[in-house]
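Peer 1: Please construct the entire structure, taking both the sequences and the accompanying hints into account.
2 protein chains.
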Amino acid sequence: MKHVDAINRALSEYLTIPCEGQDIVPDAMRYSVENGGKRVRPVLTLEFCQACGGEAEAALPFACAIEMVHTYSLIHDDLPCMDDDDFRRGKPSCHKQFGESYALLAGDGLLTLAFETLASAQLPAVDICRAVQTLASCAGVRGMIGGQVLDLLSEEGTPDYALLEKIDRLKTGALMEAAVLLGCIAAGVTDETLLNSARTYAQSLGLAFQIVDDILDVTGDVSQLGKPTGSDEKNQKVTFVRLLGLEQCRMLADKLTDRAIRALEDFPGDTAFLASFARELSVRKS
Amino acid sequence: MKHVDAINRALSEYLTIPCEGQDIVPDAMRYSVENGGKRVRPVLTLEFCQACGGEAEAALPFACAIEMVHTYSLIHDDLPCMDDDDFRRGKPSCHKQFGESYALLAGDGLLTLAFETLASAQLPAVDICRAVQTLASCAGVRGMIGGQVLDLLSEEGTPDYALLEKIDRLKTGALMEAAVLLGCIAAGVTDETLLNSARTYAQSLGLAFQIVDDILDVTGDVSQLGKPTGSDEKNQKVTFVRLLGLEQCRMLADKLTDRAIRALEDFPGDTAFLASFARELSVRKS
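So the sequence lines, in the order shown, correspond to chains B and V. Sequential numbering from 40 applies to the first sequence in our numbering. Sequential numbering from 40 applies to the second sequence in our numbering.
Check before you lean on any hint, since a few could be wrong.
Here are the simulated EDC-like cross-link-like pairs (lysine to aspartate or glutamate), alpha carbons at most 16 Å apart as the crow flies [stated by the list, open to error]:
1) K135/B / D124/B
2) K266/V / D256/V
3) K276/V / D122/V
4) K205/B / D62/V
5) K266/B / D252/B
6) K77/V / E204/V
7) K294/V / E204/V
8) K205/B / E59/V
9) K294/B / E319/B
10) K266/V / E59/V
11) K205/V / E59/B
12) K205/V / D62/B
What the hints contain is simulated information worked out from the structure, not anything from laboratory work.
Peer 2: This is the structure in structure tokens:
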């Protein structure tokens, strides 16, 4: 996919950290970042920078910082005291590979490195400060961490649609929002209307993504998905499909995708990729 | 102590985070920050700002950010997969009080909030960027986290003096260094000579502090210390006292204290408090 090579190259450079004698944590950080997925968030950062009329290159440190925060959240999420997942994308999760204490520190290290990476960007200091504030606020207790808390708390009860939507808006949407906002900030955008359109795109995309995930867990093809289906039902997880049914979920995903695409109209630069990206995510089979 | 009330008030404001429905993590963050110790690091930040000719008030967000990072490191350090400590300063540790998953997230939340707090300072953006870079670099895998890794690794062997000194320089010294540097940065200092003197003060103080800790574990008075003595020997921990003996340790602590105080000579502002602070730490009984 577009940009992915550049992102991987940059991540690999940021993660080359010479620390004589204590390499195990940098190794664990690299292991988890390199076991990456589609790099959805950093691609969004670069594309939004372009959509605002900026150069994608300038937003690369911001894009990498977002991916580091995403990866740290997965490492900590997989820990025994959280979801206790032994595998992540078909490979042993970080704590299975390196042990729990080093996985904990690898997550901490990535979160810390994310902010160091933001601050290293060749951009005006005032824009870097806005990026630090935006990323911290989206990733913190009023954002992504708050979503994880609600998710943990909801396991004790039966969430309704409003709560499910809120969990997703914080747990997944907040970091998507940070990704697009950092793209805009890298392009020097301060116009609140444009920033709000970016937020709308991110939140609509984030929610549509989760709904499609829930649909695929019911209707997906195991060989295409690369993971077993039916896991939500097995785990008695309350999902959008369980609350709304398949038909309503498909309609909602389409509606959200349309909303995301409409939000792109305000942007001065090329948004063709972002539009087709939203469309593809909604019809994906895996 | 000087500044402590102002620091506690500011911390309390930063930690008043309205998050409807997911208060447990902000509660856990506040619990651990409010179970604070002497606020050594934030006091250093404010004092170094003054020593450089700045207003202590201006450095308050930086000082609070340092204390948040210190507290996050204690929360994660106490977790079962790390030191597995049930108590911290006589109260249940964060995971004992709130459960392991919320303690993990409280640590993550504090680390994230630290950078948000830096970015909120009413200081030139370029100085905030330097503060972000300094704090991230001192707290990350080449700094504090690296020290924790070395500490974990050293449990499997018998560290010598050089390794013990390196562990302390990273695990404790790096954040002390960040504390004093952020004070200088808040005062607008860019002169490398002055920044290096600040580093010398922090590193000498940090090492002296640890050596005195090791001495007190052997010679201290339980009622004054507020914790049992002899724990290092019981845990077969390799300490400075075990490697060098009591007499040499006392001499080394004095030498380091003198070095810290000499490093203050270059500063234009009032350093009387910083000098007596170093002296007091070296002769403390608890």
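Peer 1: Determine for every hint whether it applies to the structure shown.
Peer 2: Here's how the hints hold up against the structure:
1. K135/B / D124/B: With Cα atoms ~9 Å apart, K135/B and D124/B stay inside 16 Å; holds.
2. K266/V / D256/V: Holds, because 9 Å separates the two Cα atoms, which is no more than 16 Å.
3. K276/V / D122/V: 13 Å, holds
4. K205/B / D62/V: 15 Å, holds
5. K266/B / D252/B: Between K266/B and D252/B the Cα gap is close to 12 Å, so the pair holds against 16 Å.
6. K77/V / E204/V: Given that 16 Å is the threshold and the Cα spacing comes to 23 Å, the pair is violated.
7. K294/V / E204/V: 15 Å, holds
8. K205/B / E59/V: Roughly 11 Å separates the two Cα atoms, so the pair holds.
9. K294/B / E319/B: Since the Cα atoms of K294/B and E319/B sit roughly 14 Å apart, the hinted pair holds (cutoff 16 Å).
10. K266/V / E59/V: 38 Å, violated
11. K205/V / E59/B: Between K205/V and E59/B the Cα gap is close to 11 Å, so the pair holds against 16 Å.
12. K205/V / D62/B: 15 Å, holds
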